[in-house]
Structures are given as C-alpha cells and as structure tokens.
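Residue numbers (the working numbering), protein chains in the order written: chain A, 1 to 239; chain B, 1001 to 1319; chain C, 2001 to 2285; chain D, 3001 to 3393.
For the record, the hints were derived by calculation from the structure and aren't laboratory data. Remember, it's a predicted structure, so these values are computed and weren't measured experimentally. Even glycine gets a Cβ: it sits at the ideal position worked out from N, Cα and C. Among the hints, erroneous ones may be present.
[Stated by the list, open to error] Pair by pair, the computed Cβ-Cβ distance ranges are:
(1) A:GLY130 with B:GLY1034: 27 to 33 angstroms
(2) D:GLY3389 with C:ALA2061: 38 to 44 angstroms
(3) A:GLN28 with B:ARG1208: 55 to 61 angstroms
(4) A:GLN187 with B:ALA1175: 32 to 38 angstroms
(5) C:LEU2055 with A:GLY39: 55 to 61 angstroms
(6) A:LYS17 with C:PHE2002: 27 to 33 angstroms
(7) D:GLY3389 with C:PHE2002: 54 to 60 angstroms
(8) D:LYS3152 with C:LEU2055: 47 to 53 angstroms
(9) D:LYS3390 with C:TRP2235: 56 to 62 angstroms
(10) A:ASP23 with B:LEU1110: 18 to 24 angstroms
Given next are the chains, with one letter for each unit.
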Amino acid sequence: MELIKGVGITKHFGGVKALSGVDFKVEQGTIVGLIGPNGAGKTTLFNIVAGAFPPTSGTVHFEGVDITGLPAYKICRRGVARTFQVTRPFGEMSCVENVAVGVVNHQPDASRAVWTQRAVECLRIVGLEGFESTEARHLNVVQKKKLEIARALATGPKLLMLDEVLGGLNSQEIQDAITFIRNLRDQLGLTILWIEHVMGAIMQATEKVIVLDQGRILMNGSPEEVVNDSRVIHAYLGD
Amino acid sequence: MTISLGESRLKSTPKILLCLAGLAVFALLPWTMGVYNQHVLIVCLFYTMMAASWNLLAGYTGQVSFGHAAFAGIGAYVSGILVVKAGLNPWGGVVIGTLCAAAFGFLVGLLCLRMGGIYLSLTTLGFSEILHIVINNEYEITRGTMGLQVPGLIENYSKIAYFYIFLAGALITLAVVYRLVHSNAGLNFRAVQNDERAASALGVDVVRTRLLAFTVSSALAGMAGALYGHYMLLITPHLPSLDQQFLVLSMTVIGGLGSFVGPVIGAFSLEILSEYIRAWGEYHVLVFGLVALFVARFAPKGIVGIYKAWRGKYRAATA
Amino acid sequence: MFAIASMNGLVIGVIYALTALGVSLVVGIMNVVNFAHGEFYILAGYFSFLFANALGMPIIAAMGLAVALVFVFGLLVEYTLIRPTYGDDMYSLILTFILSIVLQNAYLFIFGPYPNKPPGWIKGATNIFDLFFYGNQRMAALVAGIAVIVVVFAMIKLTWFGRIIRAASQDRGMAELNGVNTTRLNMLSFGLGCALAAAAGVILAPVFPVTPTAGVPVALTAFVVVVLGGMGSMWGCIIGGLILGLVENLGAAYLSTGYKHVFGFVILIMVLAIRPSGLFGRKEA
Amino acid sequence: MRRICCFLVLAFAIACMATGPAWASDTIKVGVVGPRTGGAAATGKAFEEGIQLATDYVNANGGVLGKKIEIVFEDTAGAPDKAASGFERLATRDKVVMVLGESHSSAALAEIEVANRLKVPFMVVEAWADPITAKNYRYVFRAGPSNSGVVKSTIAQWVAAEKFKKVAIVAENTDWGLGIAELCKTALDAAGVENQSLVTERKSQDHYMELTKIKSFDPDAVLAFVYGTGLHYFVAQAGEVGLTPKAVILDGAGPPSLWPDFWPNVGDYGNLECFVSSMHEKVELTPLATEFRKSYVKAFGKNPTDYKSRSMFDAILIAADAINRAGSVDAEKLVDALEKTELTVTRGTARFGTEKGGPEYHHWMPPMLVIQWQDKEQVVLFPAEGATGKLKR
C-alpha cells in the first residue's frame, strides 16, 4: 500500500520553475532514496510534502487523504516528520526540551514526567545519552543532526523524511548510520524518504530510488537500475 | 534572548520555603515605612505586572509588542468609563476591563500574527497611536488629556490596602506566567521563539501559540492598567503612551528578557532608581535611557544574565 | 477644497515617501527596523539650523554637511549598536527604540525645548490656478524631495552599489556566497538609511521646525508607509507615501480634522487584514 | 560586563549624592511642580527663571519667618500620574510647607486630590481648567488665569469690542484646548456672534486642511487654542494659505507668541498676530513689575518673554507673604492667611475669592491683556484702559 503519493507537483518561485509535474509515491514500510544533482528540486519537494509551502499545482495524498497545502503543523500531526538539511535546533533549549516540543504536540496531555521520559528515550535511540540537559547550541554538527532525528521521532511519525543526514560523517560512522536508519524501519516500522548525496549509502540502504533532475522525475527504480542508467550518469556528470 | 527555565523551576522544598519567607517579609514591609515609600512600592508592583506580562510575550515568544501600555489603557478606560458612566462596582470594572483587553489583544493578534515579527511590532505601535488619538478626541467620554476621575477600589483610601491589592495582582500575574511557561504550551512558546519553521515542522501551531501568548499578555496588562487607574483615581492618556511602553520595555530588558524573575528585578530597581534620579530634573529620562541602552547593548540578558555569568564563573572557580 | 486637499496630499505624500525610503532600504537589506529613524531626521534638522544660523554657512552647504554628519553618525550607530544584533531583528528593534528615547532627551538637553528652524530657501506663497494659495517653501520641498527620490532610484538601478543592494535584499545568503562583504554592506546601507532620514530632515526643517520630540510622528508615519507599501519595496514606499498623504488630507477635508492621523492607521490595518504583505510586498516564501 | 557593573554602581552612587543637599535645615521649603521634561518643557524653563528671581527677592527682603526660603522643583513631565506622585513626594519626603506651580490642567487636577488628602496648601499658577478651583477644595488656591476667567473677562469682551461678526475657533485636542473652545463657543453664541469650531491634533505639523476649512468659512477672527510649536506652524501656514491678514488670529495662550523662536518660525506671517498675555513692557501695572523686568534682564541678559516666569515669581511672593502672616508653617493657618491675602505683586493686587460654589473660590484672576504684533512691536489692544494702539488688519 502506498503511504504517500504526489501527483503533478509543480512549484514556481517568481519566474523560476523549481518543480514541474512531479509524480512520486512511497510504499508503506520501504526506504526510498531521493537523489539528484544540486538544484534538482529535492528539498523543494520535501518542503511541499511537509507543508512548509503549498505547491503551485498538483496534489499530495497521505494515507489516501489529500494533505495538499495544509500547514506544516497539521501535516506533522498526521504523521509526517522531517529533518532539515541545515539543522534548525532550538539553540537556547536543552536537548530534552528540544525533543519534548515534538512529544507535547503529538500527545498534548502528556505530563512533564511523561514527556521527559519519552524525550530521553528518543535521545537514547539516536545516541545522544548524556546530553539531555545540554543546550542545543553547544552540540557539534553531527550531534545536531542526531537531535533533528530525535525530534522527528518524538512526533510519532509514520513517514520520516531525512534531508542529507550523513554529511560530515566518516565511513565507519556512515555504516553505523545506515544500520541505524534500517533499524528505524525494521524495529519502529517507519517508512523513510531520504535525500542523500552519499550514493554508497543509498545503494546499501534503500529499496527504491527516485531521481530528480531540473525539477522533473528523471527515473525511478531499484538502486541497481538507477546507477546503471545512462540518463542518471549523464545528469550527474554532465556532457 | 536566553531563557533558562529548567534551572529556575521551583523543585526543592527549601527553595519554596525561602520564597514564601521572602514574600512574607515583603508583605510586612509597608508597615515599616512612610506613605511615600508605600506609594513607591505600589508603583513597583504595578510595573512588575506590566513587565512580567510583556516578558511573557517578548521574552518567551519573541514578539516585541509596542502596544502593551495601550492594552493597559484599554483595561483602565473600560473599567473607568463603566464605573463612572454606568455606576458599575469598581471590582466589576476591573474584571470587565481585563476581559476587554483580552478581546482586543485577541483581535489585534489575529490581525498581525500571521506575518509575525516586525509586522507585529509596527501594527501594535499603530494600534497604540489610534487608541491615543481616540482617547484624546473623544473628550466627552474619556475626558481627554484632562483624565477621567474614577472612584477607588475601597471606600477609605489607604495605601496599605492598595499595597495588598497590588501585591495580589502581581502574584496572580506571576502565577499565570509561571504556570503558562512551565506548561506544555511554554515549550511551544520557546520553540516558536527559537525557530518558527522548525517548530511548525514538529507540530507546533505557531499562530495559535502566539495568539495564546498575546491574548493572555494583553489581559494581564489590562488588569494591571485597571487596578492602576482605580489606585491613582485618575486615568489619563499617559497610561497608554509610548513613554510608559518605554519604561516597561526598559525594565524587562534591564532585569533580564526571557527570565522569570528578570522583570520583577527590573521593575523594582528601575522604579526605585527613577525615584532617586528624579532630583536631576530634566536629565533623569536621559540617564534612565542611557542605563537601559548600555545594559541592552552590553548585557542583553540583563541583571539576571550578569548574575548568572558571575555565578557560573564562581562555580567554575570553586569546582 | 478638493483641489488643495489633493495638492497638499501629494506634497505631504512625497514627503512621507522620502522619510520612509530610508526605513524601507534598511528593512530590505538588513531586516532591521530603525526605530530611531525620526531622531536622525531631527538631528539633521538641528545640524542644518546650527550650521546656517550659528555658523552662518550658506544653506546648501549647511544641508550637505548635516546630511554627511548624520551619515557618519549612522555608521557609528550601526557599528556600536546594531552590528552585534544581526539575526535577531527583534533585539535591534528594542535597541533602536531605547536609542530613540535617549536621543530625544539628549536633544532636549543640548538644544532646549523650543523649536528650531533653519532659514527658508524661498518666501511667500503662490496662487495656484486661482484655486488656492500654496506656500513656496513647501513647493520647493516637494521639488527637492522628488529630486532626492529620483537620485536614490537611479543609484539603485544604475550603480554597482545599487546592484549589490538589490541582490542582498533579494537573497542575503546568495549575495554572501557571491563574495559580497555583507558586514560592510550593512554598515553602508544603515548609514544610507540615516542619510535619507537626514535628507528629509534638512528639506523639511524649514517647513516644519524641529523640536526634540518631533521625530516621533515622523517615524510613525514612515513605519505606516513601509508596512503599507510592503517591507523593503522601494516602489511600495512611494505609492504608500502618496496614498497616506492623500487619505489623510482628503479625510481631514471631508471627515474630521481631529482624526486626520487615524485614517492612515485604519488603512494600514485594512491592508494588513486583506493583504498582509503590503501593497507591493513579496509573499513570504 | 565589568564596565556595566561599574556604570550601574556609579549611577546609583551619584543618585544617592544628588539627594544629599535636601536635608539642609535652616530653610523653609516650598515645593514647585511643573513640566521640566516632555512636550511642555519650555514652561519648566520659565518657572525656573521665576523661581530664581523670586527666591533672591524674598531672601533679600528678610526671607520667611526669619529663615531663607528654599524651592524644591519637582518634574511632572506634564503627566498626571507623575504629577500626583511628585506632589506626594514633595509633601511626604521633602516635607514642603506648601506647593506652587503647574501648567497642565490634567496634572493639576490629579495634584489637587493629593493636596486635599494630605492637607497641603497648593497654589496653582498656570493651569487654567475651571474644575481646579470649582471643586472648592479648602487647600487649593489659584493665583493665575482660569479658562472661564480668560474667556469671560478678556477674549469675549475683546471680540465684542472689536465688533467681529464671524469668528472661527480652533482647538488642539487637549483638555485645555477643547475646554476653553467650548467656553468660547458658549460665550460667542450668547453674544450672537456667528462661529465655527474645529479640532486639530496636538502633534500635527501640517494644518493646511484645517486652515482651508476655516478660510472657506471666511471669518474676521480666528481664536486659536493651540499650544507650543503647534501655534507657530498654525500661524505660518495661515499666512501661506492666505487666511491672514484678512482674518486676525488670536493665540489664546500667549507664551508661544513670545518664545524666542516665534519670529524665526513664522517669519513675516507673524505680523498682526494677536495673543493673550499678562505681561507687557509698556503696560506695567505695578512698580514691582518694572523691578521684575529689570532684575530679569540683569540675571538672564534678555527681556522676559514667557510670562509664566513672572506668574511663578508672583506665586512665590504670595506664598512667602502668607507664611509670614501666618507666623507658622501649619497648613490650617497658611490656608487662613492665604484667604486674607492682600498683596500687590507684578500683575496687580492679589485677592482670593472666598465665595463657595464656583471656580471663583480661592481664585485670583489677574488681568490679562490682548496684544498684537505690529511690525515686531507689541501693541496692547485690550483692555481699553491699557491700550497702546488700535487693531490693525
């Protein structure tokens, strides 16, 4: 069953066409990679799905319900969580409080004890034990990315959208991260849509890959199909 | 603009007892002093209400409203006019004044919160100007710059009694602010202040959160204004003026924007300071402004921030 | 009545546009609202008064020197107060608000409470088409105001600095990536904003003499114009200024003189309710 | 961080020192309230001048009860709440025996409540609203004009004397402007003079629309109740739109037409403007007035302009006289002594009304003049007995 489906998504910024007629879908319980050269419109697509701004035209359905143009917080409450490519922690709040924001909007009647416990748990899942009362601005880049994921998890998502979470990691850390992301799917039952530049990780972790180029779907298919496709190689490497 | 809730939260019993003891001492204070100092205390409590409620808005949700004094004015004038023209009981006037301020706060909030940020500041500024002109022009109802003379809250004028009324008002204000920022909504307030987009991506309804803060803050300002009017026995357009707004803003900034005790410290220290430097005549506002400017520039977290930095150093040194 | 109301609306409108232009420029580039804008305007008025009356300089030289000095003062204010607040537009608002009160009281201390008026450029009034009399100094101010606006627009359209300003107000991040020194850009544009306030001040001081607190209504109308026209939009500023001037004067002529200044605010609130980004504002992305 | 701490400590230290001299004990303290900051700070300046001259005068003439008189000047900024608490401060902290001053009716109305509650004699000097004395408070006096007094005994009579047919009234939207405009309208209606009223905004700099409306009414005279700089704008722009010199403008307050900046601000359009004043160098009703002008010139190196400095001078003399006659600083005795005042000051002989019921109670209305600028010369038009010339148009 498809968890999320976009049809004919088009977005213009002034005169610039960021996306034109993009169709895509993500099956329940899969990990789908979203790749493409810089400026292909990947993050724009994320923003539209997550409700940061509405598309110029086209529709987005989540669990069969039309969510096009809903405000971000409503989409989040339906079970779509996202991280930001450039992390946006609440710098002057502690890590627990950062994550707790996600918890209390998912469970509005959670008491302080409940949300603290849940937040600590999410921090543990991403490996930020010991940083509970650290103010988020004191974290390093990698920790901030982990915090983003912890916050996203705290909103109780069905679909998790990751935007370049591997930047700045060494190869061992990338391996750990891949395992971690697969575990999110296998153990927590999440569906994952993942923008990533590290092709090796996409190859290893995903079941399906969508390739965007200049605001259009170039192709989609299994990772093997994608890397061997001449159009993709052409798009990445140019003439 | 830092906030540190985790630390200042009253967790331990000794801390609570200490607070209660301090409060008890403070409550007995007016009996030991002359009439004038009692008056100064009452004015301090009024500014505590104003600064604490403005801080809820500016310190905790990052919305700088220039209409806070205007909302106090709405509370005062609504109450005053109802009491004078319709013969309402002053206490009833205070309640209705507070509700009206809340309603106006809600409407103004609704109007400009979608755009947020600077728009809110400028629209509240415009609102405050409109109110000012209307009060001046509707002379028959408001008595314009002459001021509306209103009856007091109690039959026999007594500074001590007013002191306790204002103390109760200040405690109510502080309790509301405390409850709110330590509730789940408080997390949302701070999330919105830190990063709106990230907050909404985590399910925070940014507009609703701001509207809540704005309405509550306006209501508290309205209550403070209404009480003040019935204490001064005269309500004038100076209450909803930019001068008052400047005082409230300076007190909050100097005390510590976004900290719970900051506005209280700011209100007391600036009001008492201004009592002293009034002897300087025309220069006192200048001195006042310079102090505020220096603190705002070099210690943006105010007195509370200075204290925390000092305590942090002290702890680091002793550890 | 209609003729003079429209004429006066246009003149006052151009004046409003001129005062708002500086605010708009600074908002567009730095996302900083300079609350003390009116006080810079007043400062220039005082300077031109001092140089022309006390030092006996020719009025043009006095005006030029006043604008230059206020520009320098603006750079200083940016360097000492505004620069540390980048990224926190609320805090710069708080700082400039306090600054405006400090400046008002400093003027009171230095120049005293009486109004000061630099010498006029031209005397008398002219009979316009036999419909009404209009003050010559006002018409001169109108011409000078239009001239300054044209120069500013030309600078922004045609020069290198103008291109950078346009780029930065479109997208700060991109401008920065393309090697624009945004720190210096900020300083310059803040100074330029202050200089525009000063230009308005020296042009208008002979019409409306300056007092320590006269900057407050000036800044208020500038803010209304900027929000009305749309934050950071130069054309919005001009149109917004003209609309405000006309609405106030026609409103005063036909509705109520006592509520003249309320009309502008009411229009502002209506615009915010219907089109929150202002007449020419970009919708927030 | 350290810098700020130093600064704060310094500020507090200076503040504490500044309050030091208040405890000198061989003086009798009299409080003065008035705006030293804010929009009407010019009045505070005038008061200060009056205080300086009056203290010197009183102390040179034996002081009060054998001690020197000392004035404590409290700033009200023209704001009633500040005025009320300032008054309270003077009475309870500085322990002044009497308070004088005030130029804002709104502030005075707040202050009289405090005066009455604390039983401190209060002599209003330049706040004109009727209710100040109409409330008939025992401790409240007024040694200066009231709105109804100025309208009844000066403005309305002048309008009648000059036989104006059509009169426009312009009022700023303050208690004073709106209040006195209302009284004028009633008086003009009663006298059968055609009239039209307009309200203008106090902060407004541009009066073209108001003036155009007035011009289309085509009056003989315009009674302008606009204070401060507003009046300068008004007069200058009236000339520009051609309302004057066909119509005559009367500045209903006076001092703004005498401020040093009046001429630079209004230019030639100031010629033939009329204003109400209690002071004129050629019409000096008492020898003391001449003496005042001389000592003013000696002290400040210029001629007195804002008559409010002289009003304050008078008030202090009346207060000193009352204290001496009471032989005590007891409030009740001071009130009794004030009620029996019969003292010739610069503006004539001060006597307070004792008939209860109206604004005349505890009120001495000094004579006011209507003066016209004729080629930068002040020509007294009214009252007839003091006139030095005729109205020019």
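Hint-by-hint comparison with the structure:
1. GLY130 (chain A) and GLY1034 (chain B) have their C-beta atoms about 56 angstroms apart, which leaves the hinted 27 to 33 angstroms range violated.
2. The beta-carbon spacing between GLY3389 (chain D) and ALA2061 (chain C), approximately 42 angstroms, falls within the hinted interval of 38 to 44 angstroms.
3. One distance hint, 55 to 61 angstroms for the beta-carbon pair GLN28 (chain A) and ARG1208 (chain B), is violated here, with the actual separation near 31 angstroms.
4. A beta carbon spacing of about 44 angstroms between GLN187 (chain A) and ALA1175 (chain B) contradicts the range 32 to 38 angstroms that was offered as a hint.
5. LEU2055 (chain C) and GLY39 (chain A) have their C-beta atoms about 59 angstroms apart, which keeps the hinted 55 to 61 angstroms range intact.
6. Range check, LYS17 (chain A) to PHE2002 (chain C): Cβ separation about 49 angstroms, and the 27 to 33 angstroms hint is violated.
7. Checked against the hint of 54 to 60 angstroms, the pair GLY3389 (chain D) and PHE2002 (chain C) fails, with Cβ atoms roughly 41 angstroms apart.
8. Distance hint for LYS3152 (chain D) and LEU2055 (chain C): a CB-CB separation of about 49 angstroms, consistent with the stated range 47 to 53 angstroms.
9. Taking 56 to 62 angstroms as the suggested C-beta distance range, the pair LYS3390 (chain D) and TRP2235 (chain C) conforms, at roughly 57 angstroms.
10. Separated by about 38 angstroms at the C-beta atoms, ASP23 (chain A) and LEU1110 (chain B) break the suggested range of 18 to 24 angstroms.
Checked against the numbered hints given earlier, this structure breaks hints 1, 3, 4, 6, 7 and 10; the rest are met.
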